[in-house]
Every structure is written in C-alpha cells, then in structure tokens.
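Student: Spelled out, the chains give:
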Amino acid sequence: MLLKKLTDLNGVSGNEDEVREFIKREVEGYADKIRVDSIGNLIAFKKGKASGLKVMLSAHMDEVGFMVTGYGENGTLKFHNVGGIDTRILPGKQVLVGGRRLPGVIGCKPVHMQNAEERKNNIKEKSLYIDIGTDKKEEAEKLAPLGEYVAFNSEYTEMGTDCIKAKALDDRVGCAILIEALKGRYGFDLYACFTVQEEVGLRGSEVAAYAVKPDMALIIEGTTCSDVPDVEKQEYSTLLGGGAALTIMDRTSYVDQRLVNHIYDLARDNNIKVQFKQTTSGGNDAGKIQRSGSGVRAASISVPCRYIHSPVSMMSMSDYESCKALTLLALNNLNK
Amino acid sequence: MDFGSVLKDLCSQTGVSGSEKELSVFISHLFEIFCDSVEIDPFFNVIGIKRGFGSSKKRILVMAHADEIGFLVKSIDDRGFIRFTNIGGMDSKILLAQEVVIHGRERLPGIIGAKPPHLLKPEETKKAVKLDELAIDTGMDAVQVKKLISIGDLITLKTVPLELQGGKFSSKALDNRSGVAVLLRTMENICSVKHENDVYFIANTQEEVGSRGAIIASYNALPDAAVVIDACHGDMPDAPKDEIFTLGKGPAVAIGPNLHRKMTNRLIETAKEGNIPYQTDVEPGDTGTDAWFTQVSRSGIPTVLISVPVRYMHTPVETVSLSDIKNAGRLVAEFVSLSTEELEGILCC
Amino acid sequence: MFEMVKKLTVAFGVSGNEEEIREVIKSEIKDRVDEIIVDTLGNLIAVKKGSGKKIMAAAHMDEIGVMATYIDDKGYIRFSNIGWVSQFYALGQRVKFKNGVTGCIFYEEKLDEMKDLKLSRMYIDIGANSRTEAERKIRIGDTACFLGEAVQTGDMIISKALDDRSGCAVLVETIKTLPKTDNEIYFVFTVQEELGLRGAKTAAYGIMPDMAIAVDVTLTGDTPECKLMEVRCGGGPAIKIKDNSVICHPEIKRLLSDCAEKSNIPYQYEILESGGSDPGAIHITGGGIPSGAVSIPCRYVHSPIEAVNVEDLKNSVKLLTEALMR
Chain A
1 MLLKKLTDLN
11 GVSGNEDEVR
21 EFIKREVEGY
31 ADKIRVDSIG
41 NLIAFKKGKA
51 SGLKVMLSAH
61 MDEVGFMVTG
71 YGENGTLKFH
81 NVGGIDTRIL
91 PGKQVLVGGR
101 RLPGVIGCKP
111 VHMQNAEERK
121 NNIKEKSLYI
131 DIGTDKKEEA
141 EKLAPLGEYV
151 AFNSEYTEMG
161 TDCIKAKALD
171 DRVGCAILIE
181 ALKGRYGFDL
191 YACFTVQEEV
201 GLRGSEVAAY
211 AVKPDMALII
221 EGTTCSDVPD
231 VEKQEYSTLL
241 GGGAALTIMD
251 RTSYVDQRLV
261 NHIYDLARDN
271 NIKVQFKQTT
281 SGGNDAGKIQ
291 RSGSGVRAAS
301 ISVPCRYIHS
311 PVSMMSMSDY
321 ESCKALTLLA
331 LNNLNK
Chain B
1001 MDFGSVLKDL
1011 CSQTGVSGSE
1021 KELSVFISHL
1031 FEIFCDSVEI
1041 DPFFNVIGIK
1051 RGFGSSKKRI
1061 LVMAHADEIG
1071 FLVKSIDDRG
1081 FIRFTNIGGM
1091 DSKILLAQEV
1101 VIHGRERLPG
1111 IIGAKPPHLL
1121 KPEETKKAVK
1131 LDELAIDTGM
1141 DAVQVKKLIS
1151 IGDLITLKTV
1161 PLELQGGKFS
1171 SKALDNRSGV
1181 AVLLRTMENI
1191 CSVKHENDVY
1201 FIANTQEEVG
1211 SRGAIIASYN
1221 ALPDAAVVID
1231 ACHGDMPDAP
1241 KDEIFTLGKG
1251 PAVAIGPNLH
1261 RKMTNRLIET
1271 AKEGNIPYQT
1281 DVEPGDTGTD
1291 AWFTQVSRSG
1301 IPTVLISVPV
1311 RYMHTPVETV
1321 SLSDIKNAGR
1331 LVAEFVSLST
1341 EELEGILCC
Chain C
2001 MFEMVKKLTV
2011 AFGVSGNEEE
2021 IREVIKSEIK
2031 DRVDEIIVDT
2041 LGNLIAVKKG
2051 SGKKIMAAAH
2061 MDEIGVMATY
2071 IDDKGYIRFS
2081 NIGWVSQFYA
2091 LGQRVKFKNG
2101 VTGCIFYEEK
2111 LDEMKDLKLS
2121 RMYIDIGANS
2131 RTEAERKIRI
2141 GDTACFLGEA
2151 VQTGDMIISK
2161 ALDDRSGCAV
2171 LVETIKTLPK
2181 TDNEIYFVFT
2191 VQEELGLRGA
2201 KTAAYGIMPD
2211 MAIAVDVTLT
2221 GDTPECKLME
2231 VRCGGGPAIK
2241 IKDNSVICHP
2251 EIKRLLSDCA
2261 EKSNIPYQYE
2271 ILESGGSDPG
2281 AIHITGGGIP
2291 SGAVSIPCRY
2301 VHSPIEAVNV
2311 EDLKNSVKLL
2321 TEALMR
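Chains as they are written, first to last, in my numbering: chain A, 1 to 336; chain B, 1001 to 1349; chain C, 2001 to 2326.
Treat the hints as calculated values from the structure; they're not laboratory data. Everything numeric in this text was worked out from a predicted model, so none of it was measured. Ideal Cβ positions, reconstructed from N, Cα and C, are used throughout, including at glycine. Hints may contain errors.
As a list, the in silico DSS-like pairs of lysine-lysine whose alpha-carbon atoms are at most 30 angstroms apart [stated by the list, open to error]:
#, chain 1, residue 1, chain 2, residue 2
1, C, K2137, C, K2007
2, A, K124, A, K136
3, B, K1127, A, K273
4, A, K126, B, K1127
5, B, K1057, B, K1272
6, B, K1249, A, K137
7, A, K124, B, K1127
8, A, K137, B, K1326
9, B, K1121, A, K233
10, B, K1127, A, K120
11, A, K126, B, K1126
12, A, K120, B, K1272
13, A, K120, B, K1008
14, A, K4, B, K1008
15, C, K2006, C, K2137
16, C, K2053, B, K1021
17, C, K2118, A, K120
18, C, K2262, C, K2054
Short derived list, chain B residues pointing at chain A, Cβ under 10 angstroms [unchecked claim]:
#, residue
19, R1079
20, A1114
21, P1240
22, L1247
Using the sequences and the hints, build the whole thing.
Tutor: What follows is the structure, given as structure tokens:
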C-alpha cells in the first residue's frame, strides 16, 4: 500500500533522502523529466497536451522529528526538536535513530520519583533524553554522532471505521496524491514538486516556486483536525470524515478566492465531500508559493489529520480519497 | 528455553490487575515445563511446585507479581470518545499521543489524544494534563463503539518490544514480567540440582492495586520462608543517585526492617560465593512490594527481596538489562538449593 | 420498602456504637433465620443453614457521625469526625447524641474565606449555658449522628444514613422473602465499615465463606455539573466492577449479570474511583474469598440528605435473592 510505504520511511526536515529516492523510483515511469535541485526538492515535469499555462502541484516530503545535540549521563542522547512538536507528548515514546534505524526510547522519570511540583508540571524539552541502551558516551557517540537524525517509531495501522493511524501523514498523504496525479496528462504543463523542509519554515517550496515560476499552484497537505473532546465546536478547524479541506486563510496565506470557490463548486457538482477549514492558524507551502516572483494564484486542498505532528496522527480513508479525487478533478478542470 | 523470546511473549500478554485470567493460563503452561505440579487459584495466582529430595524439608516460596498497570472504560461520550480510569499508578503526562488496545467484544486499537497544544491557554501548557482530561479515539462513532465496548472493559498500553544496545530490552510490563522471567530462569536452573527443600513458585496477581494476590497466596502456601522478586528503579539521568540501580550491575538485594536479616545476609554471601553481581538496596521501612505483606502473613514469614533494575517504571518504555534477569535467576537458584539444616539455622531467630 | 427504610434510618448507629440499630434489625429478622450470633466487634450474623455453598451477604449497620472532644466554658462542644464527614455538609445541620440530646452545628463566624472552613473551626450547640450544664448531658467521647428524617418524594427516598441502612433494608427484605435454597447463607450486618471496613474483616475470618456479596450505596453521575460516572438513580442496582479497595471477582460479576439478565432485572455497572467498601476487607481475608457487590445508586452520599430510588431498592432485593439461590 503506497501510503504505508511512504509513512514508514524516515525523512525528518533536512534529511529527506530516503523519501526522495522512493518517490523518484515511483514516478520514473510517469514523468517526462525529473530533477533534484540544490536544496533537495524533487521536481517531476509532465508536458501538457497544450502549452501556455504552468501549474505547480506541491507536497512536502519532510516530517517533524529530532536531531542529536549532545550526550547525557549513562550513554543517553540529548536532542532538539526539528519542526513544531508538542513537547508534552514526548516522554515514553519510541524513536528510530539514524539511517540504521537504531531503536531508542525517550525516557521519563517514574511517577514514584516525582515530587508534587514535578507531577503537576510538564517536563521541559532540555530535560528529555533518548536511551538507546548504550552505557557510555563513547559508545553513544559512535552509534549516534552529533547531528544524527531521529524519527518517531510508529507502525502504519488500519483502525476504526476506515481510519489510518501513522506518523508523517503530514505530508506523505500529499506525496501519495501527487504520485497519482503524475499518471495523467493535462491541458497544461504540470510541475509536481515534492518539496523539502516545509516543517522548518517552508524552505523548499520557496526555492521550487522561484525556479518553476508557475501561474497557478495547488498545495496538497495534511492539516489540523481538532474535533476531539474538551475542544469547543468553533475551534475544531476541520471534521474527521468531513471531506477534503479547503483553506481560506491561515497565518501564511490568504488563498486565491476565485480558485478556491471554483474547486469548491467542482466538489459539490461531482459529489465529492468537501469542507472549509474553519480556523486561521497554521501555515503551509502555499505561503511561500503564493508570494513567489510576481505572485502565484494558489489554493490548498488538505486531508484532515487528528493528532498531527505526533506518532499517532489519524486520518479517515474517505477524506483521503475525497482529497485525491478533488485534486485530480481540479487538475482536469483548471482552464475555466 | 529461549529466554529473550519468552520475555518478549510474557510482556506482550495482557494481565492488568484484577483481570489476570488469560495471563494465568499462559504462565501456567510455562510453569508446566519445569514444575512437578501447577495450579491456578481462584484469584489467578499461578502456583508451581518443585518438590525437594530431602526428608524433613522446608517450604520456600519464590514469588513475583505478574500483573501490570492499565485502565478501564469509564464512559463513552456521544461522539464515541472513551473516558477511562486507571488501575494502578500511572503518570498521566506520558499518556498523551499514546496508543492503547481496548479489550471489548473485539480487541480495538485506540489513541489517547488530548486538546491540541495551539488551543491551550499559556497556564495550561505548563500544567500537566490530568487523567480525566484525556479521551481515547477509536476512529468510530458512538453507535459502533457501543456495539463493541462496555463500561468496565479493559484497556492496555500498546507498545512494540524493542531490543536496544548493550543487551537491553524495552517494553511495557517489564514491571514485573521480568520478575516472572526470573522465576522461570530459577526453575530451569534448579532442574539439574537435587535440592532438599520444596520450592513453591508463585506468579501472583493484583500487586499494583495493593498486593492483594500476595496476601491471599502467602496465606494459602504456608511457607517457612519467602523470596519476593520485584522491580526497582534503574539508572536514569534525572533520578536521584541514591535511589537508582545501574542496569547490568546485577539484581538489587534489599536490607531493612521488612527483610529477615539473617536470610538477607546469607543471600548476599551466596552471591559472593557464586561470583554473581548484585547491588545493595537500603530500605528503611515499607519496601512498597509484596514483601511488606508476606512478612506479616499469619504468624509471619521470614522474607527477602530481590529486585531487577527497571528504567522508566510505569511507562510504555520500561527498560531492563537481560543480564540482570539472568543473574537474579542464578542467585535465587543458588539460595533455594541451600540445605534444610542450613536454612533452619538461618530462620530460627 | 419505604417503611422499612424509615425504621432503619431513624435508629442510632454511629460507628462503634451500633447497639440500637442492631436490636432493631434483630427484631425484624429473628423469626426468619436459624441462628443469630453477635460477634466480638458487634457484627450481627443471621444464619440460614444449608448444605450447599457457604455465602456471606453483608451490609454495614454503622453510619458516620461526630464525637465530642471538648466542652468549652460556655457549654459549646468541639468535635471530631467518625468516618468521612464533610465540613460543608455538616454546617447548619442538626445532630442527636446517643442519649437523645439534640444540638446543631455551626462555625466560627470570624472565618474570612469559606474555602478555609474546617471541622476544627466548628462546634455543636446543645443549648447549654455553661460547661457545668453541658457536662450534665454530654461527656467527652459521646457520639452524635446527623438528623434527617426519611421522606419519600416521587420515586426517591431522602434520608440520613441511607449509607448503608438502605443496604440493610435490602438484606432484611431478602431474608424475609428468600425462597427455599440449599445454600448456607450468612447475612452479616457489619460494624465500623466507615472506620475502615473493620467489622467485615473479622466477620469474614470467623465465617470463611466460599463467596461474598455486599450491598452498599455508590455514587451517581446524574446531578448537575457532577463528576463523570455512568451510574444513575433509577437505572437499577449497580454491579460493582471496582472501587479503591477491591476489584470484584469476575465470577461474582458474571453471576450477578447473569441473574439480572435471566430475571429481567434492570442493572448497570459501577466503577468507583474513590472510596472503599466491605468486599475490600472480605476478599483478602484468609486464603481469599471471591467477592462482589450489588450497589445502590445514591446521591449526596455522606450528607443528611442522601437520596435513593425506591425501585432500585426493590430490584436490588430481587437481584440479591436470585444470586443467593444459585
């Protein structure tokens, strides 16, 4: 299953090689030209049936994770988060260190040893450490040198009513949809950009957009879905099962309204479940792409993911299918 | 016995305090490999007897609790999210973004999520989340959940056992399945020895909720002496130095009022004689283990306590050194093989 | 049922002082059982002899109360709690001492913040004008219970001491209506449960039954802004899954749910996150006694206005009866 293979790969921002190599092999048969730029973006080009319009399809390959920053006592590793991670979730989680995927655990002082103050408060990032079982600093250094990348360890699992739990659904779902899209040929030149380093500041997309200079761009993402207990209904953002999510505005972009409305209408006319993202927080590659060069007409289509940026992010297969169908439909109906 | 894979299997079993029926059957099959007779009592304590070859033999109890911490379904809300209560002590902080299994009419995977961080107020970010603020997401709606799950159904932590460097192993429930592994190792070791005394191996239940299985099992076993095997805190960077034990340096032998002094001294001598690495655990009062209760069973049972160092206790990533479990198995085997005469000399006060 | 509950709740029986309630219960059941024993701690044990399974059915007779600890110059009485007594529930309540003297509880008005209210900042007024006058009526160590006459409103009975006189009422009714059975049943009305399940421990040791079922009240989750709990008044007797002192034996739980299903008795499940009950002491007695409980949903527990649903009581009798016959 494509999504399972994609989420199993480790590609923390700055270290996306594994993911890029996999995607390259997947799209070699469909793309007319493939190139990798200096920052690591994979750009797959598909010539159009007609020329004129240049459309960029974008999804990022990187995921949040960690890097080894030093060594603690007893051969443990000190680390820093890469990308935005809620530090509260880290104690007691499993990780995989480096290309060899050495298993490790993020340790946590047992509750029996915590005093009343400690029990009531969250642990700070700088107090956390990874235990890979080495007893001495020298051993640890050899197996996990400074700068080594670390990813969450989480198995792709089918659960519930047609739901999937995996790490990195943000944004391997986007990558999977882009791979599908490359199978078709459209009325315009298509640049499917698998970008890097979105999680640390939308870095890859900025470079890719500058080089491609598209007229229009569709950004396919995994987005926050907060429809969980103790959250007020107005703060849900998106609903799991509510369909492909269209962003109107977030911290980094106010999308092209005509484009978004067109996509929305397409969805309604073709019975594809669709919803609007209801909050204005967060951001994605659309932020950099829209403002590239002299401007690009951009829109985001996203798959709602609960518990995003954690090892247990969860999505509904039906939302994924809606997002895929809507993306392909949009591509086939862009000359309006 | 393929020790590593037995330990992995033991840890993967479900046996939350008060719901140990399945686990007791699993353990009894393992006991049957080595013991002369095995039975399961009404509270699911598993008792395996290895008869001694002496004439006026004593009865030694070797006990390790088999239960683990977990949760019960408390309530299902109208969107199908599950609220839960804990069995045994657990730090609710580590439950955020944690996978679980709900044992209803089917085994269902679940995810404990919580309010997303960007929706928390600043004070809430600093404060630790409380258990009643957490909910389990099964990816199903209320109608479907209620078909498969009822109030009171068991919930366990889901983890993948990991082999780490340096002969270390990480999994849930190492507190105290590593103790059960010590029992098995001891049984295996004394198979080739003509030990004089009867040895009663008991994998007891409900320790995590107040040593209830131990109270019942020791009352029924009527032993002359008891060796309790539990877990102690392993070495962790943020833990106080005088409360932790280094993984790989051997099991910890406890000294203090809860433990029979002469027996403890003989135990330490045994370790030295056999070149078995051990560490010393000073316990000024309640050891917080089944030993506290066996010591005062009926008219009293002389008790010693041996602990396997476990890092990150009561989290899904508990970690041990396999060598400590093996060495504990050696130590207990040597000790229970003492002659009846010598044991009598130690026990008499 | 209401009349029985009224009779039992009005009797005095603060933990350690259960004489009066014991006599009331004894007079209700003495002609219906084969033997009556009062043990060392004061447990009332009524035996229905038989040749089958030995079953212990327990409900505690004692109630919470207060004990006089000091009489001041003006005749006001300072007190300590017997069992868990909330300072907020006690404030403004009437009390009655064992010897019949009545009084009321109030607090030191100078207290700035109500959240700092403590039992040690409260006192009992028995209408005495001086220490001497008070000492003629009350001695240090005398105990008093709260007053709260039983009334019925709709299906609900409101009264003090429904914890656990309602359980006692269920046991009494069960004794009176129990069909013939081979099982040997020990109906035990225990003492000092509120002080730490003490009577149950010694009673169980003396009897050593094959299994035990207790009947006590449990909390509910059906009042405004209450803590999350699935038990509600009117939902039928609650089969206890666990509380802080016991995880009920799966066989007993199954027995109770089977009986309820077979006889079409409405029931619910109870998970109590704080507090203990007699099965906690019984199940770890001797070599272990498989134990469970039929719990009566009760609002406002440990206040003088405890409230239960009378249908729940009747269904508890049905359920207990079925279970005792198996």
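Student: Which numbered hints turn out to be false for this structure?
Tutor: Of the numbered hints given earlier, those the structure breaks are 3, 12, 13, listed in rising order.
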